[in-house]
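Chain B: place on chain A using the hints.
Chain by chain, the residues:
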Amino acid sequence: MNDAAPSLELLRSLAEQQGVSPADADLEAVLGFLRAILPALSELERRIPSGTPPAGLFLPDGEAP
Amino acid sequence: MSLACLAEGLRAGELSPREAVEAYLERIEELDGGLNAYITVRAEEALAEAAVLERAAERGPLWGVPVAVKDVIDVAGAPTTAASKILAGNVAPRDAAAVERLRRAGAIVLGKLNTHEFAYGATTTSPHFGPARNPWSPERICGGSSGGSGAAAAADLAAGTLGTDTAGSIRIPACFCGVSGLRPSTGRVSNRGVVPVSWTLDTVGPVARSAEDCALLLEAIAGHDPADPTTAAASVPAYSGLLDGGVEGLRVGLVESLTERADPRIAEAVRSAVAELGSLGARVGSAVVPLLDEVGTMNQLVMLPEAAQAHLPWLRTRLSDYGADVRARLLAGLLLPPTAYVTGQRARRWFYEGVRAVLDRFDLLVAPTMPILPPPIGEESVELRGERIPYRLALIPFNSPWSFAGLPAMSIPCGFVDGLPVGLALVGRRFDEATVLRTAHAFQQATDRHERRPALPAAAAR
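Sequences listed follow chains A and B, in order. Here our numbering is used: the first residue of the first sequence is 1, the next is one more, and so on. Here our numbering is used: the first residue of the second sequence is 1, the next is one more, and so on.
I should point out that these hints are in silico values taken from the structure, not numbers from a laboratory. These numbers were taken from a predicted model, which means no experiment stands behind them. Check before you lean on any hint, since a few could be wrong.
[Said to hold, decoys possible] Straight-line distance between alpha carbons at most 25 Å, and here's what the computed DMTMM-like set of lysine to aspartate or glutamate pairs gives:
id: 1; chain 1: B; residue 1: 85; chain 2: A; residue 2: 24
id: 2; chain 1: B; residue 1: 85; chain 2: B; residue 2: 379
id: 3; chain 1: B; residue 1: 85; chain 2: B; residue 2: 321
id: 4; chain 1: B; residue 1: 85; chain 2: B; residue 2: 325
id: 5; chain 1: B; residue 1: 85; chain 2: A; residue 2: 16
id: 6; chain 1: B; residue 1: 85; chain 2: B; residue 2: 380
id: 7; chain 1: B; residue 1: 85; chain 2: A; residue 2: 28
Next comes chain A alone, as it looks inside the complex (with noise of 0.2 Å):
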């Protein structure tokens, strides 16, 4: 995963795409979240043990008393 945040123009033809129009404050915003976030994602991608599957919608629950 590359880290670095996307431009707000990459934002907004995403979210143009997905069919939603989103107004320059609220794409900084966004933007302002993934420059806090994307650096953690990519840590945990690293970190995360190879082999480690998705959790399902809901975690097993074998362990009902």
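For chain B alone, kept in the frame of chain A given last:
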């Protein structure tokens, strides 16, 4: 009066369901103008339902007990607004599963309670319906997102309430409002008829005056629902019958890394409560939970994209009708890289395995529910140990871990600082709500923190 006492009084014929409903309606009329706990009051409907119940041959465990539910939970014929402009005028065609079960137990729904817009935030300061005010200090927030549930339980505007919890939304208002709130294990209670935030993390749960009251509400609403594939098949114990076992020999682990981060006065109240559990026979030790610094990020990787997906039709057509904070969070979920969600779900398994190993050594974990006192309404940052930080960052490490792992987690009042309540978080093994409730009940039988009530008439008169 507690829900348990009221239910007993109704069964004994000391008052009728109609009298109980009338008493709560009077109290709502008198006090809610200053608290804004309710979005909708069902006065006529509740009185009519009381009259029907009085003629009913069958009397369930909550027969005639007036309750209220967060306004993301459907009640047939009533608006479900989620404190939003988008859902204003959205009348629910049928009851949510949890409401159906409450009614089956004999409860009467007084109305719908205030929430953060779409239950997607932790302050309950909807720009569309106004802030819920803390009964202990009306200029302060109730927490959220189930802030109306916390306020109504604290101010006795219902005998018990239901909230929902995705990442702390039951526990935070229970803490700030000085009441008891239980987030059950994910999958314990049906989410059918509830406006979603995150299918992975959402659950309905009780907010009330005591652990005993929460046990009565939980046993009414819990259990598998064929119409909700996320509910578990695990059997549901009769929680209220399991409250009196005490804590002798129970292995309780204090999460030191969280306690050390809290306001020192809150940390002291929590340590004192843990010592009380020790004096009741619990074997108290220090628990080290891995990845607590990372779990906030992990939680966002799952919650944000799911919320964005749930809201996608409105993001396309009603974007400007969201409050600014909720809109920003929804757009962040929309624009995260697609693989981030899968990373979040992989991280959830990783984190869960780590917590499960800790819960092999302890029967229960304890920590502060919140590291801070309820901030003033409108304050976006808080002071914590000499540092000014955003309110949201203060709460995440204390609440997200337990919901992210799908564990039952409860907040009970354990002390007061500057006249404001402090909450103790009790976290159990998956589907072991019984141990959480039993421990909370033992603490409440030995102490009086949960019995203290705010000076309401003065506090609510604005």
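Each hint tested on the structure:
1. B/85 / A/24: holds, 22 Å
2. B/85 / B/379: holds, 23 Å
3. B/85 / B/321: Between residue 85 of chain B and residue 321 of chain B the Cα gap is close to 6 Å, so the pair holds against 25 Å.
4. B/85 / B/325: holds, 14 Å
5. B/85 / A/16: Holds, at roughly 23 Å.
6. B/85 / B/380: holds, 23 Å
7. B/85 / A/28: holds, 24 Å
When held up to the earlier numbered hints, the structure conflicts with none and fits them all.
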